[in-house]
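Student: For reference, the chains in residue letters:
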Amino acid sequence: KAGVTQTPRYLIKTRGQQVTLSCSPISGHRSVSWYQQTPGQGLQFLFEYFSETQRNKGNFPGRFSGRQFSNSRSEMNVSTLELGDSALYLCASSLGAGGTRTDTQYFGPGTRLTVL
Amino acid sequence: QKEVEQDPGPLSVPEGAIVSLNCTYSNSAFQYFMWYRQYSRKGPELLMYTYSSGNKEDGRFTAQVDKSSKYISLFIRDSQPSDSATYLCAMSPPPGNQFYFGTGTSLTVIP
Numbered sequence: 284k285a286g287v288t289q290t291p292r293y294l295i296k297t298r299g300q301q302v303t304l305s306c307s308p309i310s311g312h313r314s315v316s317w318y319q320q321t322p323g324q325g326l327q328f329l330f331e332y333f334s335e336t337q338r339n340k341g342n343f344p345g346r347f348s349g350r351q352f353s354n355s356r357s358e359m360n361v362s363t364l365e366l367g368d369s370a371l372y373l374c375a376s377s378l379g380a381g382g383t384r385t386d387t388q389y390f391g392p393g394t395r396l397t398v399l
Numbered sequence: 867q868k869e870v871e872q873d874p875g876p877l878s879v880p881e882g883a884i885v886s887l888n889c890t891y892s893n894s895a896f897q898y899f900m901w902y903r904q905y906s907r908k909g910p911e912l913l914m915y916t917y918s919s920g921n922k923e924d925g926r927f928t929a930q931v932d933k934s935s936k937y938i939s940l941f942i943r944d945s946q947p948s949d950s951a952t953y954l955c956a957m958s959p960p961p962g963n964q965f966y967f968g969t970g971t972s973l974t975v976i977p
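These protein sequence lines are chains A and B, in that order. FYI, in our numbering the residues of the first sequence are 284 to 399. FYI, in our numbering the residues of the second sequence are 867 to 977.
These are calculated hints, taken from the structure and not from any lab test. C-beta atoms are modelled at their ideal positions from N, C-alpha and C, and glycine is treated no differently. One should not assume that every hint holds.
[Stated by the list, open to error] Using 25 Å as the maximum straight-line C-alpha spacing, the simulated DSS-like pairs for lysine-lysine come out as follows: (1) B/LYS908 with A/LYS296; (2) B/LYS922 with B/LYS933; (3) B/LYS922 with A/LYS340; (4) B/LYS936 with B/LYS922.
[Unchecked claim] Here are the computed distance ranges between Cβ atoms for each label pair: (5) A/GLN300 with B/LYS922: 13 to 23 Å; (6) B/SER906 with A/LEU294: 15 to 25 Å; (7) A/THR303 with B/ARG943: 37 to 47 Å; (8) A/SER334 with B/SER878: 22 to 32 Å; (9) A/LEU399 with B/SER939: 21 to 31 Å.
[Said to hold, decoys possible] Covered stretches of chain A (in silico footprint by chain B; criterion: 3 or more residues with CB under 8 Å from a CB of chain B, positions within the stretch not fixed): (10) 299 to 309; (11) 326 to 339.
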């Protein structure tokens, strides 16, 4: 079974630009979560989508947004990029049953975003 | 104060040593506790999953949860160079998939 894929793997942008990252979950998984990983802050939860609806949201500004398509693929968009947005952005997929002990998140390799 | 605190290390041990990795947390609502391993340039992979308090063993790995102290641990026995990675603790309140991660501990096992 194919794992979680993320594209692109590396991205360089300048301040003020916007960026869209893509995530394809494991086949059959309906939940997709996005995280930002930086050396100082670690993994921080951005949001989770389940069946095309945002189910949970972390504490990030509105410049960070996402969506999920009917095939469970998800995109994350960051507008008006700032230097502090440089990070590894990870996507994780799970069955999405929610609240069950066996719902395990599987992570993709991440997209390394550098903002200059 | 962060919800999950984890000593970043780095931690360096000789091959065969017992490794102890720890996290503390402040939210008493957390019920699900996980440990992930992350190799360089890879996404985290799930190692251990524990519900509520107690111990769980899987091969060379043992996860412990002490909810009264808000403290979780991961023990690695007979450590191997292939265990060299960053270890992340994560936890979640029920229900749903919102997880809170520690910053990770970098471990190097020296042959």
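Student: If you draw a straight line from the CA of B/LYS936 to the CA of B/LYS922, is it 25 Å or shorter?
Tutor: holds (17 Å)
Student: Counting residues of the stretch 326 to 339 of chain A whose CB is closer than 8 Å to a CB in chain B, do you get three or more?
Tutor: holds (count 7)
Student: At least three residues with a C-beta closer than 8 Å to a C-beta of chain B: is that true for the stretch 299 to 309 of chain A?
Tutor: Three-residue rule not met by the stretch 299 to 309 of chain A, so violated; n is 0.
Student: Starting from B/LYS922, check that the Cα of B/LYS933 is at most 25 Å away, please.
Tutor: Holds: B/LYS922 and B/LYS933 sit about 14 Å apart, inside 25 Å.
Student: For the hint 22 to 32 Å, verify it against the beta carbon of A/SER334 and that of B/SER878.
Tutor: violated (45 Å)
Student: Within 13 to 23 Å or not, the Cβ separation of A/GLN300 and B/LYS922?
Tutor: Violated, since A/GLN300 and B/LYS922 (Cβ atoms, about 46 Å apart) do not stay within the stated range.
Student: Assess, step by step, whether the Cα of B/LYS908 is no farther than 25 Å from the Cα of A/LYS296, and give holds or violated.
Tutor: Roughly 22 Å between the alpha carbons, so the hint for B/LYS908 and A/LYS296 holds.
Student: Could you say whether the range 15 to 25 Å given as a hint is met by the Cβ separation of B/SER906 and A/LEU294?
Tutor: holds (19 Å)
Student: Lying within 21 to 31 Å: is that true of the beta-carbon distance A/LEU399 to B/SER939?
Tutor: Between A/LEU399 and B/SER939, where Cβ atoms are some 41 Å apart, the hint is violated.
Student: Run the distance test for B/LYS922 versus A/LYS340: straight-line Cα separation, threshold 25 Å.
Tutor: Since the Cα atoms of B/LYS922 and A/LYS340 sit roughly 30 Å apart, the hinted pair is violated (cutoff 25 Å).
Student: Taking the Cβ atom of A/THR303 and the Cβ atom of B/ARG943, is their distance within the range 37 to 47 Å?
Tutor: holds (44 Å)
In terms of the numbered hints stated before, the structure departs from hints 3, 5, 8, 9, 10, listed from lowest to highest.
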